[in-house]
Every structure is written in C-alpha cells, then in structure tokens.
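Participant: The chain contents come next:
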Amino acid sequence: MEDLRKAAETNIKEYGFPVAIDEKSGALQWVDMRELHLKYIISIENIQEFFEGLRDGKLLATKCKKCGELFFPPQKDCPTCMDSDMEWFELKKEGVLETLTVIFVRPPSFSAYEPYTVAIAKLDDGVRVTAWLRGDPQKVRPGQRVKIEIAKRKEGYLMYEIVPVEG
Amino acid sequence: MAVAIIGAGQTKFGTRKDVNMPELAWEAIKQAMQTANVEQKDIDFMVVGNAGMWSSEAAVPALMYEYGKFENVGSMRVEAACATGNAAIRVGYTAIESGEADAVLILGVEKMQESPNPTVIELIGRFGSYFWEFENLGLTFPGYYAIHATAYMAKYGATEEDFAKVAVKNHHYGAKNPYAQFQREIKLEQALNAPYVAWPFKLFDCSPITDGSAAVILASEEKVKEWGIEEKIWIHSQGVGTGTANLSRRESFTSLKSASYAAEVAYKKAGIDIDAPYKYLDGADVHDCFTAAEVIAYEDLRFAKRGEGVQLVREEQTYIGGRIPVNVDGGLKAKGHPIGATGVSQAVEAWKQLLSKAENGRQVDVKNGRYLAHNVGGTGHYSYVTIYGLEKPR
Ligand SMILES: [Zn+2]
Chain A
1 MEDLRKAAET NIKEYGFPVA IDEKSGALQW VDMRELHLKY IISIENIQEF
51 FEGLRDGKLL ATKCKKCGEL FFPPQKDCPT CMDSDMEWFE LKKEGVLETL
101 TVIFVRPPSF SAYEPYTVAI AKLDDGVRVT AWLRGDPQKV RPGQRVKIEI
151 AKRKEGYLMY EIVPVEG
Chain B
1 MAVAIIGAGQ TKFGTRKDVN MPELAWEAIK QAMQTANVEQ KDIDFMVVGN
51 AGMWSSEAAV PALMYEYGKF ENVGSMRVEA ACATGNAAIR VGYTAIESGE
101 ADAVLILGVE KMQESPNPTV IELIGRFGSY FWEFENLGLT FPGYYAIHAT
151 AYMAKYGATE EDFAKVAVKN HHYGAKNPYA QFQREIKLEQ ALNAPYVAWP
201 FKLFDCSPIT DGSAAVILAS EEKVKEWGIE EKIWIHSQGV GTGTANLSRR
251 ESFTSLKSAS YAAEVAYKKA GIDIDAPYKY LDGADVHDCF TAAEVIAYED
301 LRFAKRGEGV QLVREEQTYI GGRIPVNVDG GLKAKGHPIG ATGVSQAVEA
351 WKQLLSKAEN GRQVDVKNGR YLAHNVGGTG HYSYVTIYGL EKPR
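For the record, the sequence lines run as chains A and B.
Heads up, the first sequence is in the numbering used here, so the first residue is 1 and it goes up one at a time.
Heads up, the second sequence is in the numbering used here, so the first residue is 1 and it goes up one at a time.
For reference, chain A alone in the conformation it holds in the complex (with noise of 0.2 angstroms):
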C-alpha cells in the first residue's frame, strides 16, 4: 500500500492523476485520496461497576434478583423477566480451561503485540470468560484448571487474563 501511495503522488506529477500499475496485472489502479479513521465511542454507562470492580480487583457479573440468571459479561437488562432489576455479583475467578488460540497473523491495531493466546474458561460458578492466557501456550491443554488475575495492559490500563494454575 505504502509503495502505491508513493507511486501515486509521482504519478500526480509525472501523469496527472494518483495512478499505479498494480504490480502482478499489470492493471491501472487509481489510488484513493480519501482515507478513513475510524474510532468508536462506545457507552459503559450502565456497566460501569464492571470497571470498578476490576480496580479492586474483582470479576463482576450482573445477576437478576428475579430469576437469579448470572450474565457475563455483564448486561443491563434480563430478557427472561424483561427487567432491568439487577445486580453486581463478584465471580470466584476460578474454572476450567475449554480452549485456546495463538493469534500469530495480528490486525495492524494489535501489531505492538507479540503473538497472543486467547482462550476461553468455564468458571465455576457457571459463566464462560474470553480472555487472554498468560504463559506458554504449550504448556496448557483443555480440561485443566485455571485463574483469573487482573493485570495492567501494554497500553497501561487494567483487564482480566486467564492464568493456569500450576499442578
């Protein structure tokens, strides 16, 4: 992309349009002058005790106090008694690991990253957890016990990771 971009702006001068060949057709390609950056801002009104909870260190999931139904992550309204009557029930961090991923061909927002294993746990107290896993990936196998553990990001802020434990 970057060489198209460069041999679209020589273009500009040299043709008088931001044109390249593509390399392997041979076909004229125009080089778009637009470009788009998108960033997303997403509300976390209504599950912002998640967050805090994470501050001290603690999972938290909505429970409905009507039927008692665990939502992870969390959600505002329970659509089995269509209320919004919920609240904040700490998870015991503790469950077993279903399966994993190494994520080696990165999305260019990620591309800081070295590879990275995403996996899934079953907790104990019945909520799944998508997460990263600490560690090497080589070492773990599905069925075995894990964690969770809340720990700082690259980027300075704080999520929950799953963690294997030893034994």
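Don't read these hints as lab results, they were simulated from the structure.
Note that CB positions come from ideal geometry on N, CA and C, so glycine has one too.
Be aware that a few hints might be false.
The following label-pair restraints were derived from C-beta to C-beta distances [claimed, not checked]:
#1 T242(B) x L28(A): 39 to 47 angstroms
#2 E149(A) x E161(B): 34 to 42 angstroms
#3 A2(B) x E45(A): 32 to 40 angstroms
For chain A, the structure is supplied; the task is to place chain B with the ligand on it using the hints.
Facilitator: Below, chain B with the ligand without anything else, positioned relative to chain A:
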C-alpha cells in the same frame, strides 16, 4: 408459490485488479440474465449481498441499477457477514414465495482487495462481538474458528494433519474449476509446513481474501411456465439459524448450534431423513472458511455422527464417489471467499451440478437430484442451509 433458479453466472474469483466494482458485478449479472434468457424489464426485484467496508462503493444496488439499465425494480443491500449471499437469496426466495415478486435478480459481490490485507484482517476480526472479543482481545477471524478447532481436537482426537487433508481435497477440486482463485493442487506436507496464522491453523487451513461476484435469477413457478423455461433448479427448502455474538455465551465449541438448527429446519421441510440426509443428496457445498469448519459442518449437517466427521476426512468419503461429495468446486478454501458472493456462488454451483454442467473431473453423479448449500456468517452468528432440487417441490 414454488421458486426456481432459471439462470446463473459467476466471475473468476481471485485478485480482480482488472475491473472495478460494477464491472465485476456485471460479469456475473450478464451471465445469469443470458442463461435465464431474461431482460432488464423482466426483473421486478433486485437483492444485493455485499458486506463491504473494504471496498469503495456502498450503494451497490443503485449502482447496478444504473450500470445495468434496470427499470421499475425494487432493491436492497443485505448483510449477514459471510452468509450474506444466502441472506440475499432468502430475501428473493421469500419475496417470490409470498407473491410480492415474480422474477428476482440476486447478486453477491465483494471487492475485498480494494483494501490492503492488514486492513481486511482488521475489519474481519470485528465480525465477532466487537467490545468483548475484538477491542481488548484482538481476536481475528481465523482465531474465532481456531478456538473451535482446538476444542474439536481435544474432544475427538483430530489432528492438524486431518485438517490439512480437507485443504488438500478442496485444492484438488479447485484445480479443476476455472473460476477458482487457486487452481493448483497442494501436497499434505506443504499444508503442514506452512506458517501458523492462528494456532492450530496454518496458511492452508484458511480461506483467502477474494474479489468476486456471482448472480442467480429466481423466478416464480408461474413465470417458469409462462416463459417456457426448461433449464432450471428449484429451491426445495431453506433453514436459517442465529447464534450468539459472543463465543463465551455458547455451550459448545465443537458444533455451531445455528447451523445444526438450520439443517434440521431445511431437512424437515424438504422431507429428508435427518438420520441419513446424504442418501437424499448428490453433493454439498459447505462453509469451509477454515478446514476445521468443514469437519464440524459434516456433523452439524449430519453427514456423520458427532465426533465422526474427521473419519469422513480420513476415509476420503467427501471426494466424488464417497458418502457425499463436498466442495467439489474447491470450496471457500480454494475457490475463494468473496464474502457477499460466496452464498450466491454456492447456488451457482448447485445449478451447475444438478444440470450436469460442471467441468471435467468435478461433476458429481446426479442420482437423487438434490444438492445442499451450507453458508455460515461470523462464527455461527448466522447459518443458512438451502436445499436445491431438479424436481418441482411438492
Ligand atoms: Zn431474570
């Protein structure tokens, strides 16, 4: 009102720097209209499957209305991630079934290579649950399916070699399909020695980033009669299912619930025995965006019992001559996966196979007169199972 496919067309899939969006779409539309022998004025509704974002033009229905000189036609663009093509068919099929339309043009088109690969990887990773899976975890599309592959390996003892065999099969047939992105065979060792994309998936376990377009013309039973159409296939049934956005809200990672539900609905409506559906079918196109996804599809579609899908691979039961030929067009793996065009291309393949128009070496034996298409959006977020047949449905 029964619904038939009376014309079909598709472009060469792959890197299509030689054409822009409307030119690419028109290639498929033109073939579909010519095989159906219809003109613009015969079409009263147009549905375009296009996921977009990576490509420049967003108003594709209007763009093609203009480019193709259509008139008095309703239109819309639909999106259901990688099942976008079948979602477009769903809209056209139900419009004719309900009597709201007589002849519908279904177009699936995607020009993914208008953006550089890293941008596409970035965008497609966001097809899961954005906030809880992408924002902080950076799950990629191969990653979502790799999570299923790992679970399947752990539960049933499948290996990376088993998955590689799926790629070998699909490349074998892709090599015989002039419309495929990769028209070359691969060796097992080649697949096994390729670099990891998302463990346990390596390069050859993954479908590519593709430009391509496919189109079909759907017509009502009445129009088929009025126009005296001889070459056609019928839509016998279609099942549609939905799954959770977030993987952690699912009970199982060795099955896609939305797909097994869609299959049940489709089999029931078509009167197909759910315990041995392959006995009613001549072949199937399944959504092999990743090799393990094809194995899981065998089980969700009940071509094999739970845990035995991998046996079909080992015994080469999904080659022509086996229990049921699967993806003999190369599948998403070798034919390519232009998101919005994929599901429509499956319909084009069913049309070709049932009418015995497939190329040498990849034509199935047409005995039952039925073909199945399984198209999954996201990681089981949307599933479509469509059954096509030669005979007019009851
Ligand atoms: Zn409730």
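Participant: All hints are to be evaluated individually against the structure, with a verdict given for each.
Facilitator: Comparing the hints with the structure gives:
1. About 43 angstroms separates the C-beta atoms of T242(B) and L28(A), a value consistent with the hinted range of 39 to 47 angstroms.
2. The hinted window of 34 to 42 angstroms between E149(A) and E161(B) holds, with their beta carbons roughly 35 angstroms apart.
3. Range check, A2(B) to E45(A): Cβ separation about 51 angstroms, and the 32 to 40 angstroms hint is violated.
Of the hints listed earlier, the one the structure fails to meet is number 3.
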